[in-house]
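Sequences are here, hints too, so could you generate the full structure?
Number of protein chains: 2
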Amino acid sequence: MGLDDRKLDVLRAIVEDYVATQEPVGSKALVERHQLGVSPATVRNDMAVLEEEGYIRQPHTSAGRVPTDRGYRLFVDRLSRVKPLTPAERRAIERFLVGAVDLDDVVHRTVRLLAQLTRQVAVVQYPSLARSSVRHLELVPISTTRLMLVMIADTGRVEQRLVELPAPIPADDVIDLRRMVNEKLGGTKLADTPPLVQALVEEVNPQLRPAMTTLATVLLETLVERHEERIALAGTANLARGGLLDFQGSLRPILEALEEEVVLLKLIGEVEPSTTRVRIGDENEIDNLRGTSVVSTGYGPGRTIVGGLGVLGPTRMDYPGTIATVRAVARYVGELLAQN
Amino acid sequence: MGLDDRKLDVLRAIVEDYVATQEPVGSKALVERHQLGVSPATVRNDMAVLEEEGYIRQPHTSAGRVPTDRGYRLFVDRLSRVKPLTPAERRAIERFLVGAVDLDDVVHRTVRLLAQLTRQVAVVQYPSLARSSVRHLELVPISTTRLMLVMIADTGRVEQRLVELPAPIPADDVIDLRRMVNEKLGGTKLADTPPLVQALVEEVNPQLRPAMTTLATVLLETLVERHEERIALAGTANLARGGLLDFQGSLRPILEALEEEVVLLKLIGEVEPSTTRVRIGDENEIDNLRGTSVVSTGYGPGRTIVGGLGVLGPTRMDYPGTIATVRAVARYVGELLAQN
DNA sequence: ACTGGCACTCGCTACAGTCGAGTGCCAGAG
DNA sequence: CTCTGGCACTCGACTGTAGCGAGTGCCAGT
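For the record, the sequence lines run as chains A and B.
Residue numbering for the first sequence follows our numbering, beginning at 1 and increasing consecutively.
Residue numbering for the second sequence follows our numbering, beginning at 1 and increasing consecutively.
Among the clues, some could well be false.
What the hints assert, rightly or not - Chain A is faced by these chain B residues, among others (derived, beta-carbon under 7 Å):
hint, residue
1, V140
2, R161
3, S250
What the hints assert, rightly or not - Sample of chain B residues at the chain A side, in silico, Cβ under 7 Å:
hint, residue
4, D102
5, H136
6, E138
7, M148
8, V150
9, I152
10, V158
11, Q160
12, L162
13, T236
14, A237
15, A240
16, L251
17, R252
18, L255
19, E256
Because the hints were derived from the structure by calculation, they are not lab data.
We put the CB at the ideal spot given by N, CA and C, even for glycine.
In structure tokens form, the structure reads like this:
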């Protein structure tokens with residue numbers, strides 16, 4: 001059945017009031033605070049329908065109504081307009097991000113900024129290596145059998161790994177190795193490197209082969225297997241704000257989930273289109289995080305996307321405001337990266 | 001007044017029982033569970049004295065006794081023997097730390113291990129730059145006006161910073177710069193570099209001076225001003241374990257404190273002697289962390305100390321066990337680093 | 001289609017009563 | 001002088017009852 005306009009108005013009013021007050025909202029309070037132009041009784045009838053359709057529910061018989069996940073979903077999809085940022089927020093963003101000296105700095109500032117603006121838990125993914133290109137590979141001899149491999153990506157990311165060589169290697173050979181890997185891999189998308197690395201091992205002259213083989217192993221491990229992705233987190237203290245009224249009872253499962261990089265990546269890393277994604281309550285794939293909502297989006301220089309960022313909070317959150325903030329921050333970060 | 005041996009036994013028993021059960025302990029339960037060889041009435045008299053001296057207190061009139069911070073302090077200083085680790089714990093430590101590929105990996109594994117073993121919040125400081133020596137400085141040209149400065153320390157730490165040059169610089173000059181900084185700074189303690197860096201700027205030939213000046217600025221900034229110290233954190237979910245019985249009420253101030261690097265450094269970074277440090281409740285300098293206890297110690301290869309690590313938990317914690325674990329982990333990590 | 005009225009539900013608070021763990025004190029034994 | 005058993009006392013935790021009030025669902029009337 002089609003919900004008529006007034007019922008939608010009622011739902012919107014319920015969501016807004018509940019988000020603001022954190023208390024179940026009744027029919028009387030609703031007509032007082034919003035100009036609905038009808039009586040409480042009418043609103044009650046509308047509420048009954050909304051409840052039947054699963055958009056709101058009553059915590060107890062004698063209490064007001066609270067939006068369900070489904071109700072929030074409808075609200076986000078059809079009833080809310082994106083709130084423009086206040087000038088103060090704009091200024092905060094600029095002030096916070098100006099003066100960042102390198103990628104690490106940008107990411108840290110961003111995640112703190114997001115946490116502060118939204119008053120929720122913020123998560124920022126470092127530019128994904130999979131979406132980066134190799135800018136330079138550096139080999140620094142540590143001893144005759146040890147090299148430090150430093151990879152610098154065009155996104156500003158720098159990764160290093162220790163390479164333990166099977167046999168001592170003269171300094172000149174290190175130079176050769178460096179030249180070869182840079183010639184072959186420089187400028188290529190990291191996602192495309194595995195076959196190239198393979199080729200390197202096969203083409204190299206026999207004398208360098210053992211060294212190149214271990215080097216290749218480390219390269220593949222670093223790029224594909226291990227950390228590949230990095231994540232920054234901030235604002236966990238905000239979880240404990242609502243006096244535990246949100247997150248029925250225990251923060252533990254949430255904190256546990258937030259300690260798993262894999263989980264965080266799932267949350268904000270899956271960025272396909274450049275649109276903002278909102279996951280509400282049960283829509284979350286992570287069991288520990290049902291009961292929370294996640295707003296995430298991709299960021300990157302220009303129109304490309306190199307990573308994701310977002311925030312996590314109670315389902316009872318200010319969606320329009322949060323979405324606006326997340327988008328704005330992502331855009332600013334993109335601009336910052338574009339200056340590279 | 002001198003507490004006689006039995007009173008100390010009583011205090012020990014109270015601490016042990018309270019830590020185990022999390023409930024105020026009464027005189028009757030005490031004589032039942034420990035072989036004190038006296039009646040409850042006698043214990044009560046002892047308790048009265050202990051309370052008067054400030055080692056224990058009663059939450060309510062009709063409840064048992066609970067140790068005070070002062071009581072825990074006495075317990076830690078004089079009444080507890082360090083618990084040897086179980087073989088299972090030893091094995092866990094080895095299994096966890098074997099196979100770490102580089103410093104980052106070591107630190108991350110260590111912090112997770114500590115959190116898991118102690119079931120508390122674990123903090124590990126990366127080897128302090130102030131206590132490291134420069135092994136190598138690398139300059140990688142990114143563009144004609146940008147260099148990536150990569151510093152590798154003998155402790156395995158690698159720091160990088162982008163250097164924005166005032167004017168384009170030819171490739172040969174970069175090589176010169178690299179040679180100069182390495183000759184001058186290579187092998188020196190980082191704490192001693194500032195004057196050397198200064199000297200470099202003054203000695204360099206005029207053509208390279210502008211580049212060297214900005215390079216020097218970045219070097220000093222990186223080493224002295226900025227991150228200098230890095231920290232890894234794990235196990236925050238353990239805070240929410242005790243059902244909020246510990247940490248009267250809110251986790252918020254604690255989580256807030258844990259997000260501040262400065263605070264964490266204060267907690268575990270001040271390592272003077274190689275001994276283990278225990279801060280109990282109010283002894284903590286950080287206001288937000290009164291009500292928690294911190295066990296910390298230094299670690300490093302051989303007898304030297306390059307950084308600190310420790311755990312944070314409720315004042316009601318298993319001190320002997322925690323101290324033993326923290327020490328053992330620190331020792332293993334030291335051995336691991338010594339293999340460099 | 002909306003409204004006012006009314007009976008009903010049920011969580012919240014206050015209050016009284018009971019129970020029991022634990023204490024402090026004291027007189028007496030060793 | 002130290003320890004012990006006994007006893008009265010305190011006070012938090014729990015239970016049950018009662019009244020209140022916010023909020024609802026339903027219905028008859030406009």
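Right, here's what the structure says about each hint:
1. V140: Since the shortest Cβ distance to chain A is 5 Å, the answer is holds.
2. R161: Because about 6 Å separates R161/B from the closest Cβ in chain A, which is inside the 7 Å limit, the hint holds.
3. S250: holds (6 Å)
4. D102: Holds - the Cβ of D102/B comes within 7 Å of chain A, reaching about 5 Å at its closest.
5. H136: Given a least distance of 5 Å, the restraint on H136/B holds.
6. E138: Since the shortest Cβ distance to chain A is 5 Å, the answer is holds.
7. M148: holds (6 Å)
8. V150: V150/B check passes; min Cβ-Cβ to chain A is 6 Å, inside 7 Å.
9. I152: Constraint on I152/B satisfied, holds at 6 Å.
10. V158: holds (5 Å)
11. Q160: holds (5 Å)
12. L162: Constraint on L162/B satisfied, holds at 4 Å.
13. T236: holds (5 Å)
14. A237: holds (4 Å)
15. A240: With a closest approach of 4 Å, the A240/B hint holds.
16. L251: At about 4 Å, which falls below the 7 Å cut-off, the nearest Cβ of chain A leaves the hint on L251/B intact, so it holds.
17. R252: holds (4 Å)
18. L255: holds (4 Å)
19. E256: holds (4 Å)
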